[in-house]
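Whole structure, please, built from the sequences with the hints as guidance.
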Amino acid sequence: MTTESTGAGVLLIGAGGLGCGTALALAAAGISPLTVVDDDHVEESNLHRQVLLSAKDAGRPKVLALAETLGERFPSVKVRPIAQRFDAANAVRLLEDCDVVVDGSDNLATKFLANDACVLAGKPLVHAAAVGTGGQLLTVPRGGRPCYRCLFEELPAPEADAPSCSEVGVLGPVPGVLGALQACEAARILRGESPAFAGRLIRYDSPLMTMGAIRFRANPSCRVCGTHPSITAASLEECVS
Amino acid sequence: MATVRIPTPLRKLTNGKEEIVTAGATVGELIASLEAQFPGIKERICDDAGKVRRFVNIFANDEDIRFLQNLDTPVKDSDEISIVPAIAGGLF
Numbered sequence: 000m001t002t003e004s005t006g007a008g009v010l011l012i013g014a015g016g017l018g019c020g021t022a023l024a025l026a027a028a029g030i031s032p033l034t035v036v037d038d039d040h041v042e043e044s045n046l047h048r049q050v051l052l053s054a055k056d057a058g059r060p061k062v063l064a065l066a067e068t069l070g071e072r073f074p075s076v077k078v079r080p081i082a083q084r085f086d087a088a089n090a091v092r093l094l095e096d097c098d099v100v101v102d103g104s105d106n107l108a109t110k111f112l113a114n115d116a117c118v119l120a121g122k123p124l125v126h127a128a129a130v131g132t133g134g135q136l137l138t139v140p141r142g143g144r145p146c147y148r149c150l151f152e153e154l155p156a157p158e159a160d161a162p163s164c165s166e167v168g169v170l171g172p173v174p175g176v177l178g179a180l181q182a183c184e185a186a187r188i189l190r191g192e193s194p195a196f197a198g199r200l201i202r203y204d205s206p207l208m209t210m211g212a213i214r215f216r217a218n219p220s221c222r223v224c225g226t227h228p229s230i231t232a233a234s235l236e237e238c239v240s
Numbered sequence: 000m001a002t003v004r005i006p007t008p009l010r011k012l013t014n015g016k017e018e019i020v021t022a023g024a025t026v027g028e029l030i031a032s033l034e035a036q037f038p039g040i041k042e043r044i045c046d047d048a049g050k051v052r053r054f055v056n057i058f059a060n061d062e063d064i065r066f067l068q069n070l071d072t073p074v075k076d077s078d079e080i081s082i083v084p085a086i087a088g089g090l091f
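Protein chains in written order, with numbering that gives the first Met the number 0: chain A, 0 to 240; chain B, 0 to 91.
Mixed in with the good hints there might be a few duds.
Unchecked claim - Simulated restraints on C-beta separations:
| id | chain 1 | residue 1 | chain 2 | residue 2 | range |
| --- | --- | --- | --- | --- | --- |
| 1 | B | Lys50 | A | Gly58 | 40 to 50 angstroms |
| 2 | B | Thr13 | A | Ala179 | 23 to 33 angstroms |
| 3 | B | Asn60 | A | Ser193 | 20 to 30 angstroms |
| 4 | A | Ala179 | B | Val20 | 30 to 40 angstroms |
| 5 | A | His227 | B | Gln68 | 19 to 29 angstroms |
| 6 | B | Glu18 | A | His47 | 22 to 32 angstroms |
| 7 | A | Gly191 | B | Thr13 | 42 to 52 angstroms |
| 8 | A | Ala179 | B | Arg53 | 24 to 34 angstroms |
| 9 | B | Leu67 | A | Ser75 | 46 to 56 angstroms |
| 10 | A | Ser75 | B | Gly15 | 38 to 48 angstroms |
Stated by the list, open to error - In silico negatives: residues of chain B with every beta carbon more than 10 angstroms from chain A:
| id | residue |
| --- | --- |
| 11 | Thr13 |
| 12 | Glu34 |
| 13 | Ala35 |
| 14 | Gln36 |
| 15 | Gln68 |
| 16 | Pro73 |
Simulated from the structure, these hints should not be mistaken for laboratory data.
Quick caveat, the model's predicted, so the values are computed rather than measured.
Note that the Cβ used here is the ideal one computed from N, Cα and C, for glycine as well.
Structure, rendered in structure tokens:
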């Protein structure tokens, strides 16, 4: 089944393990245009999970290598590579040109920023994160309620306090599984269907071979979608720094 | 004895165990019990004041303890407690 998009398409944040899995599935489904934003470069040590990138691309911007690979396989899909970091300075502009946002970034600061910016812009966000042998997935519906920050209230400071791949690595296929699920969800949203993962934290655990959902609710004191929000477009940069 | 599900990133502290069956009358007591068995795990879950870190959530049978009694939430035998931190990928 394909889902041909004729609108503004998908903004994909990150061209790493999650981003490659999502981009491949979206392009194969005929979803276009696909804008990919990432400022990172191809490293051979990451190729075990970045299935659209090759050793011959080492040192090149990931988004360019990813766009070329997709262009060869799916020439009808328009891929727009943006070799920049998704940050507070470009978030609002990038969100204007999409129907749905998929977060495949690899750091918590970007994940909080993506959430806050999407809630404020009224764009649906499909979030995922992978560490070790498992990961998480959830969808923030337009305007939040609930959003990622309803669940995880604040960005850790310093970020080293939070568990990360730098401590435990990531099993190559895990982001591929999560990326494919993100693509399913993004396609669902583009078709006008209700998000399947809104208000549900999906937890994938490969050693236990379990995938379960925990329902979570809107937090009335959420700083971005609560009853008295303190995060605004003008304060985005301050809130994630 | 309740079952505590350990998130992937913290399994390094539990010798790779995904689930720990341990005793405690409240969620806070369970965490203290975990700390006794696996030193260092509590500081990954709670801050210096002993409160659950704001990028970590704990669910008691799929109910967010922030909307129950936080660390004082009672725990029964056969309950399942899930520790769910915010995570992000990165280098291997």
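Just pull the numbers of the violated hints for me, sorted ascending.
Violated hints: none at all, because every hint is consistent with the structure.
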